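Peer 1: Chain order of the listed sequences is A and B. Using the working numbering, the first residue of the first sequence is number 1, and each one after it goes up by one. Using the working numbering, the first residue of the second sequence is number 1001, and each one after it goes up by one.
Treat the hints with care, as some may be off.
Partner residues are not named here, just some residues of chain A that face chain B (Cβ under 8 angstroms, in silico) [to be verified]: (1) Gly29; (2) Glu33; (3) His50; (4) Ala51; (5) His225; (6) Leu418; (7) Asp419.
By construction, these hints were calculated from the structure, which means they are not laboratory data. Values in this document were obtained by computation on a predicted structure and should not be read as measured data. A virtual CB, placed ideally from N, CA and C, is assigned to each residue, including glycine.
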Amino acid sequence: MYRYDPIDQAMLADRAAEFREQCARRLAGDLTEDQFKPLRLMNGLYLQLHAYMLRVAIPYGTLDSDQLRALARVARTYDRGYGHFTTRTNIQFHWIKLRDAPDILDDLAKVGLHAIQTSGNCIRNITADPHAGATADEVDDPRIWVEAMRQWSTFHPEFAFLPRKFKIAVTAAAKDRAAIKIYDVGLRLHRDDAGELSFEVHVGGGLGRTPYIGPVIRERLPARHLLSYLQAILRVFNRHGRRDNIFKARIKILVAALGVEEFSRQVEEEWAKTDKAQVDLPDVELARIRAAFAPNGFETLPPVSKAFAAARLSDPAFARFARHNVMAHKVPGYALVNIALKTPGETPGDASAEQMEVVADLADRYSFGEARVTYEQNLLLPHVKLDDVPAVHAELAAAGLASANIGLISDIIACPGLDYCALANARAIPIAQDIARKFADPEVAEKVGELKIKISGCINACGHHHVGHIGILGVDKKGEEFYQLTLGGSGEDNASLGQILGPALPADGVTRAIDQMVEVYLKERTGEERFLDTFRRTGLTPFKEAVYAEAH
Amino acid sequence: MKALTANRLADGEVVFWRGGAWMERFADAELFDDDAQAEAAEGHAKAEITCLVDPYLIDVVEVEGGVAPLSYRERLRALGPTNKPDHGKQAAGGADIEVLAHAHGAARSTGRVNLIKRK
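Extracted from the complex, chain A is given alone in its bound form (with noise of 0.2 angstroms):
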């Protein structure tokens, strides 16, 4: 994977020597808070409920071991002894304090990890595939195009003020693990017969208070000129995002009043202007930047494992977690191998300062000493030989990580909620217990097959709630917490936005509800349908009926 150079590593050492003078400055109250607080949150230092919030980025999820343990030893040090993985694959620290703030940023400039633009209207941290380099079914390994890209737009001055927050997912396979449609931009990489490398440019997808799937604005992009054609689409958006209206700045909101099609032509007449040549990356620093990503040195091993396949069936444990959990590897031999921060009952994307040394520790014994962080909240290891799958999983399972439940009604996203968060409306993290509570017997969720549900705590959609197949809203009525149910929705290939079931419910008639739609989808499906397969053929009307039965 990239390593930071030594242009990096000063850049890092800069940064967090500027943010330590800063920070004395506001403790001796040369600075006021109106002065310091987009400072600080330039270094991703938020101001929540409890304490001050650390958001780190983790650049398109990919963490090597070392990484790891420097954010472990941070959530032991200066958290309480864990932290929190996000559906930006960032990690957040909710118990920090301002005094050690600036450590805390040394000692990850240390192993090259930062918390630079991980807010403010700038370009953020820019996701990716985590499978990338590890699955077959991709063109190209995504992480090359975003570090080009993180290099591009780091302190990029033109884009540092735009009308609002801006980020970028990738994807170069041909099923969307990122998310991209729910993007400012999303793109998708494709290789033609002739091996030419393009991207499919998405623009203005978003979810929060008005969802939008991000529309197609150009179909092949020639990959060489990707920083200019997106230094094209950011000079249209700070030229006519709207700085007047917070609620109405995205770029979602631009392309749709303009309309895809004039955004387009705007986009287009820009890039025709731009002299390519001074913006695109050269040949030769992208062949660098290859080089970082290229593989790891797989052995040839043949595609079939006895230790799995013997572990498989001696186990039923392995065998539901073979099943959930591991996935194919583009290599024979090898697996991906999915590390669920779900626990039913558990907060999820929490993991503590021991289980992320026990996953650094699993990665430099089995997967070339690197780790993955998902949207989904949940982690991964991307190339581990399927023989040592079986060791793997009971590491795992003796660190409470082996949760067989990708992409089951367990694994659950949930942002931090009214537990933490300054900006939500009602609390999350308990809502996603009490379900996975719920649904823990692993043959129960199993029957129900997948069955993804996001909650938001507010109208932000952290938790991405637009686009769950049961997506759920916490509002505040007069004070009290509310919950506004959707079905339908789909972050994925077939993206869609979730339709809202009926009036909020309380609190604590969400669990019942899902139980009941459950019942529904059981009872409806026919053949392999899954939950959203069933939805989108009958509709509202079954699920709304079940739930809402009692008030007719």
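Take the given structure of chain A and dock chain B to it, following the hints.
Peer 2: Coordinates of chain B only, in the frame set by chain A:
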């Protein structure tokens, strides 16, 4: 009845005003029956820029066993996150924590809503 709350600058801890000092437990908060006095205290707090962030007044009501913030959000700030009972102020336990944990009733936290609007 009102109380005055803020987050402490250096560590973000939730604190409550009492006669010019800042206390960590809600049970130690000064309660104002008089709005003018409450606003005067808020004015003082806003000048304390080296130790506080975002001071604001909250509504407090009588509940079984004592008093508690009217809004659920403010009770949560006075207790800690519900998913980790061993974190936050609630971890210390005690009769005052029990009163807050069992308080019912809800209304929007007006001081907090004003803060969010300002942002």
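Peer 1: Against each hint, give a clear statement of whether it holds in the structure.
Peer 2: Comparing the hints with the structure gives:
1. Gly29: Where the cut-off is 8 angstroms and the nearest Cβ of chain B is about 4 angstroms from A/Gly29, the hint holds.
2. Glu33: With a closest approach of 5 angstroms, the A/Glu33 hint holds.
3. His50: 6 angstroms, holds
4. Ala51: Given a least distance of 4 angstroms, the restraint on A/Ala51 holds.
5. His225: 38 angstroms, violated
6. Leu418: 6 angstroms, holds
7. Asp419: 4 angstroms, holds
Of the numbered hints listed earlier, the single one contradicted by the structure is hint 5.
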